[in-house]
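Peer 1: As a plain string of letters, each chain reads:
Protein chains: 4
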Amino acid sequence: MQKIGEECGVFGIFSPTRQDVAKEVYYGLYALQHRGQEACGIVVNDDGVFTLHKDNGLVNDVFSFEQLEKLGHGNMALGHVRYGTSGGRGRENAQPILVNHIKGSMAVSHNGNLVNSYQLRSELEEQGLVFHTTSDTEVISYVIIKERISCGSVEEAVDRAMYKIKGAYSMCIMSPTKMIAARDENGFRPLCYGKKKDGSYVIASETCALDTVGAEFIRDIEPGEIVIFSSEGIRSIKTHCGKAKKTLCIFEYIYFSRPDSVINGCCVHDARVESGKFLARAYPVDADVVIGAPDSGIDAALGYSFESGIRYETGFLKNKYIGRTFIAPGQKTREDKVRIKLNAIKSVVNGKRVVLVDDSIVRGTTCARTVNLLREAGAKEVHMRVAAPPFKNPCYYGTDIPDREYLIANQHTVEEIRQIIGVDTLGYLTLDYCKNIACGKDMGFCMACFDGNYPTETPIINEKFRFEKKLSEKGNK
Amino acid sequence: MQKIGEECGVFGIFSPTRQDVAKEVYYGLYALQHRGQEACGIVVNDDGVFTLHKDNGLVNDVFSFEQLEKLGHGNMALGHVRYGTSGGRGRENAQPILVNHIKGSMAVSHNGNLVNSYQLRSELEEQGLVFHTTSDTEVISYVIIKERISCGSVEEAVDRAMYKIKGAYSMCIMSPTKMIAARDENGFRPLCYGKKKDGSYVIASETCALDTVGAEFIRDIEPGEIVIFSSEGIRSIKTHCGKAKKTLCIFEYIYFSRPDSVINGCCVHDARVESGKFLARAYPVDADVVIGAPDSGIDAALGYSFESGIRYETGFLKNKYIGRTFIAPGQKTREDKVRIKLNAIKSVVNGKRVVLVDDSIVRGTTCARTVNLLREAGAKEVHMRVAAPPFKNPCYYGTDIPDREYLIANQHTVEEIRQIIGVDTLGYLTLDYCKNIACGKDMGFCMACFDGNYPTETPIINEKFRFEKKLSEKGNK
Amino acid sequence: MQKIGEECGVFGIFSPTRQDVAKEVYYGLYALQHRGQEACGIVVNDDGVFTLHKDNGLVNDVFSFEQLEKLGHGNMALGHVRYGTSGGRGRENAQPILVNHIKGSMAVSHNGNLVNSYQLRSELEEQGLVFHTTSDTEVISYVIIKERISCGSVEEAVDRAMYKIKGAYSMCIMSPTKMIAARDENGFRPLCYGKKKDGSYVIASETCALDTVGAEFIRDIEPGEIVIFSSEGIRSIKTHCGKAKKTLCIFEYIYFSRPDSVINGCCVHDARVESGKFLARAYPVDADVVIGAPDSGIDAALGYSFESGIRYETGFLKNKYIGRTFIAPGQKTREDKVRIKLNAIKSVVNGKRVVLVDDSIVRGTTCARTVNLLREAGAKEVHMRVAAPPFKNPCYYGTDIPDREYLIANQHTVEEIRQIIGVDTLGYLTLDYCKNIACGKDMGFCMACFDGNYPTETPIINEKFRFEKKLSEKGNK
Amino acid sequence: MQKIGEECGVFGIFSPTRQDVAKEVYYGLYALQHRGQEACGIVVNDDGVFTLHKDNGLVNDVFSFEQLEKLGHGNMALGHVRYGTSGGRGRENAQPILVNHIKGSMAVSHNGNLVNSYQLRSELEEQGLVFHTTSDTEVISYVIIKERISCGSVEEAVDRAMYKIKGAYSMCIMSPTKMIAARDENGFRPLCYGKKKDGSYVIASETCALDTVGAEFIRDIEPGEIVIFSSEGIRSIKTHCGKAKKTLCIFEYIYFSRPDSVINGCCVHDARVESGKFLARAYPVDADVVIGAPDSGIDAALGYSFESGIRYETGFLKNKYIGRTFIAPGQKTREDKVRIKLNAIKSVVNGKRVVLVDDSIVRGTTCARTVNLLREAGAKEVHMRVAAPPFKNPCYYGTDIPDREYLIANQHTVEEIRQIIGVDTLGYLTLDYCKNIACGKDMGFCMACFDGNYPTETPIINEKFRFEKKLSEKGNK
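Chains as they are written, first to last, in the working numbering: chain A, 424 to 900; chain B, 424 to 900; chain C, 424 to 900; chain D, 424 to 900.
It cannot be assumed that every hint is accurate.
Heads up, simulated DSSO-like pairs for lysine-lysine below, C-alpha to C-alpha not over 30 Å straight-line [to be verified]:
#: 1; chain 1: D; residue 1: K668; chain 2: D; residue 2: K526
#: 2; chain 1: B; residue 1: K760; chain 2: A; residue 2: K803
#: 3; chain 1: C; residue 1: K743; chain 2: D; residue 2: K668
#: 4; chain 1: B; residue 1: K619; chain 2: A; residue 2: K493
#: 5; chain 1: D; residue 1: K618; chain 2: D; residue 2: K668
#: 6; chain 1: C; residue 1: K741; chain 2: D; residue 2: K700
#: 7; chain 1: D; residue 1: K864; chain 2: D; residue 2: K668
#: 8; chain 1: C; residue 1: K618; chain 2: C; residue 2: K700
#: 9; chain 1: D; residue 1: K741; chain 2: C; residue 2: K760
In short, the hints are calculated from the structure, not lab data.
Pulled out of the complex, with its shape left as it was, chain A reads as follows:
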């Protein structure tokens, strides 16, 4: 499918004894790189002295051996990978954010999107606060610090701040002596922690990052929960738990999370395989071969094969050397660009009735080109199965989705889409099925992008703010 962006992956580590935790953040960020490729950063806490390095680029680009060495030693460290929209203002918005206030230093890594950031920002500005970035993370930091002045601990300040900040956030906050993990009461974005055999605690957006550093998964942070890691052990604050309906972003299962990650006890790979099975039951078809669109359609394609008994095959070869800086000189059409990235294996699809499984359809253009590659390679029939419902609405919680008019399912019926992308049959996942996408558990999802039911009240208000701000932007000088 076409690339959908989400903002960010978070990784933190607290060790009661070891001083060399920076490198584990480095490995952890590698494991979370799929959550954001625009920028990354690590801040190390050496007995209260914070050293930060962040920049635009992949982990591989930003952290040389030398640069990692410069971060020095410390028993706590915090990292971040960032997905950024093209309009962003450059590396100023990279995370973690590191600030100094009356009670010391604080670093914050954040994944998600506030729905009332404009209001909060305005209020803070009225109180004389000054913003250096356009990120929600700075807003969150300031709200926490405001509270920190009049309360006894960072965690208390975080707790109070959570009454004010609305929307999606899974975050890690590092103070001179504590590492704090917190998740919004809806639990939009995943966040979990684990423990290494040496006693270090590791917090991460996904369990795959725990695996990478050899930490054993303990549990997910609950929606609304604040967990404090310090030399005095672990402590949990649950003031905000249960205050809202649980609404994990369903796209974590459909697309964002790595297949080997486990969220709420359900392995993402398994959930996708099950979706494929459902598609086979819901939209059976006589066919010769099932293939997945690389890489994100493969799990569901396997499921379709398991359920239907139609042979799963590798239908495409994906060129793994096409990097971020790939240029397409002399290429007039995106069609050509697809051809360079993907090549259909002719002997697999030639003369065959093919079931093509993908994770979702956004604009429909990439999908149409992929189908076209199959036709050119001789596929007799192409039956498209989509492991997500039709994509109709924007997201206010941190997923970067094109405007409504570009969402093919917002503009067209399923039958129209079938014709546009040029397939013989087309089947989507149903909304009903999605409720149980997590290996059959009904755990509460935000599916607003599919059904338009936004779990928070403010998105429309925030949109209004955004609109008014744009109007007044030139006036206030």
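Since chain A is already given, all that's left is putting chains B, C and D on it; use the hints.
Peer 2: Leaving out everything else, chains B, C and D in the frame of chain A:
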């Protein structure tokens, strides 16, 4: 499996009419990048004026948009991707090689390894020729140019030169007005050509590169054949054809070539699937799931599944962001490095009897670590199936293989290997099966790395030369 | 002499009509590069939308053509070159600083050092403000913004802020519609403005930057003055003028400013020539040749020659290719490093009685090595004349000076220094002469580094703060 | 004056005992950087194993600490700085050139230009030799190697080769066991050697490089001489000495060499001062101040001042931060570019009658702009004195000079030039004076660029070759 290196991919284009062929070489090299990641280069021929850019690095690193622009226009161009051993002398050895001689300029891209390069080099040096690199390509160029002086055309010079150069070579030679493809009489390395709808001829190591630029495959260059592309059309010289037994490197099917490439009419993916089927017949086992070692074991794993009826699953998640410059700070063991690159999907293998299919076992160390990941993830049994015979001997034709003492199959019996890598059962492809690995066709293979039958006479002589040269290296000053 | 660092050069431009002012800042920063080589930045104001680029490095490194293009268009722009101590926290501290507050955006470029920044910072932090950097510029910005909330214009806020910020500052503040230049009431650092023929106003630390962009010098900003440039013309606020003794940093004449700059009507080159003349009158000697230590001793050497009648010559060749990244592999002593940078011209000094004029002596080590080069080249006598008084005290106003114990004049008498650096005679500028160093005008100087008379009350208090802060740094977590 | 390019600086070192000589080449190349800023390289000889690194860029850019380390150890090393014309084919032409032949390896660094390189190249190509570059250095190497086959030692081969190569060359040749310095029989380019206290011998284009590494100058290599440095000591071959008139390039004194270098016993600085004195005697004028065009006119300006008694002053401030990558965005005229690089010190020239001394006038354009800066700064009169004769003819010996039609003195009389550049009076050095420019010694010069008397026979032949080659370039395919 552990990475085995082969030297190089070749891509050339000749257009009777178009002047913008450089970008097609660029795309072609992307498609061939798996054949060599150390260095790459493109030389463009603008009516006899050659412009070259080459450097160490991936296509993505070496060719910026600006750099491509600087190559300018021309109706012929030649490219190369290079696999290089660490001891190489840097970018001097990158290809294509571009030289000037009495009859004009000449560029050469070459894939393979001569077995008599030391002798040829010595003879040329005795005649006063001077070498700037340590590559066989320079030797080949000089032999051709020597002949060129006294004969009427480049192709005639190539023909004469082929009586002298022994070993493995699939190459492209660009003169001011001609593009020439030639392949050694054994046909060790693949080479084919195709045609675009605009009339351009494209020569490439593999068909996947033809697909990428939208060229239709015409045929493989025959072992011993010289094909000349010029404004007068295509011409073939077959003086050397049939002079030797056909001995295509069997590793092209097992590992080197891209699955979507077709060699001698047999799709590489299909050949691997068939190998997997053979393994299922030869080494059946009661098991719950078949998985492939990413990425090169997946095709054969599918085959094993097809034949055995045991479910194929995705057993590992491979981190696709681990780049060439990946550093492993604080990592004492290679074990850890494997863990960062691969993560077993627990829900797939936990409590299961697993068939693990890989393409080959070289040293056995990577294999043992991969098996260990499965055990840690809870696999009850691990049955290893290897889509190649035991790897016992060095290669003199361009494949970079560790010394004999590091080849686990050279030092140990299959049963010993089974114990070393820690699997319950272990099955290799048989030598007999390999003869028909190409979709059942007996097309002649070099399997010296497995059976020790070297198809050329000289490798031992060359080794002797090498040894003596080392002895005398310090003396000749 | 040894390099002494000062923090920063400032350059701003306001055009009532033109939209392409960014490039003039670029040229202006080149002209001011001698005031700071650590970092630089430019922010362009396009009708209220600010675009900033800043990074560590020289103007040449930070601003490529592409990068300049990205800054876009605008009728106002602000730039900065920064001198930074090695302990600085990287590019976060680069300027201009760009922030957003309730009344809009604001950019600030600042040259100097506050003496009460720790107090101000603490007060602001107590009010909940959050600091992203350790620079005084952020403190100044926040103080101004605090005032801005409750007053009608930026200039009024600046005026009010100036009652609070103490110490040395020459700064430029850019609001969405105004460019404001302000200078502390002591006038420690220079700041002036000029006008281009096209009506643009240019503000700069030194007149040489006006010359570079073809602007005609109008006048120096007065100590304590605020000058506002906007579409309504120029306006001056003089509330703070005359509140303090004028105490321009005398090092601007001695070392910092470029010789072709004019401060308070006196050309820096001329002032240095006059100092040389005074040295000739005060410390006459029988000698054959006068030479200057490159580059900063040359002007005074000319003056010594004019007054004494002893021939001025070029005594040293300075290697102009020794860049910032110069490495000195295998060089054990700084002696060798001096030899690579400087070479005495033997024929000029061999067998001669040499008068060597330098601008100052800090630690004495570089000076001793320079003298040694002359001795090795055959100088019979070396008479050192220093165009500054003995350097005895630290600076609290922005000059980066080694600790007292490293200042040779703080630890030794003139006679001892003479012996240490190995010269036959040694003469310093007198404090009395310095009062009139500006071409004879008694314009008021801060000479605290020579005489210990600090013109502000707070430096000692600030040092106390610094000390206490260090003590408590680890405690407040 | 406008920049004139010359090809290259050479530096070699041979130590009978030390293994760490690479770093001395590094320092030596810094000292010779003024002779070439396009490319540089170092090759280290570790007991017959050669390690080379070369690339486009300044020494500062090409050699990081890491890169120097990679060169490893060795008791011999050879370096080169290269001046290259823009049309050059990139880093392939960087030096030293390192090649392998039947008798071992050989590295060559060369300064100068052959006049019969086209003929030699053709002859070698006819014998089947193959060229990888377009540089004379490769031609020289091949000629030597050709001889080497049939003779007993490298030095004998060099001796024989020198009968064949015609033109300007000062070169260093490194064989596995010897370092050989050789200079053409005319002695166009300087070359000398010295000795360090540790017994190492150092060969360099200029003495300033000896000074930099602490070597004591021993003597210039004689025109036609071959000096061999090996473990058996120093040996000289003088077969070619005295075979031709000595014709050192006069531009070495006028412009190329560093002022602190000594050629043939005469310090370059002194020669320039003397030229200035002659100008004062030949073209006296009533004036207030003498200034030099930075940097190359300063020495002669001092001389003019000494002789005339008119005060020498610093008339211009040159911006030392304008690097090679300086871009001039939005600058339409070169006039502006001059203004950014140079600023006249108004107080020095305002209302004054100024004598401006420069080293030469090539096109006249830079000169006119410089004069204009003085006029703008208020100079009442400008009297130009040029420390070279009128520049009329091209150079065939390695100096990069614009075509005849761009040489102002080739197209105009002195009076016309005076008007074009806009000065009150104009005086050039005379040809007669130039014969004795080297501190009064008549040592034999090539002054062809001034008088058209080319000391070798072949330049015209070579030009003919060049012309014919261009004609046939497209034909020979």
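Peer 1: Look at each hint and say if it fits the structure.
Peer 2: Hint-by-hint comparison with the structure:
1. D:K668 / D:K526: violated, 35 Å
2. B:K760 / A:K803: Judged against 30 Å, a Cα distance of about 44 Å means the pair is violated.
3. C:K743 / D:K668: violated, 36 Å
4. B:K619 / A:K493: violated, 53 Å
5. D:K618 / D:K668: The given pair, whose Cα atoms are some 29 Å apart, holds under the 30 Å limit.
6. C:K741 / D:K700: holds, 24 Å
7. D:K864 / D:K668: Holds, at roughly 15 Å.
8. C:K618 / C:K700: violated, 35 Å
9. D:K741 / C:K760: holds, 24 Å
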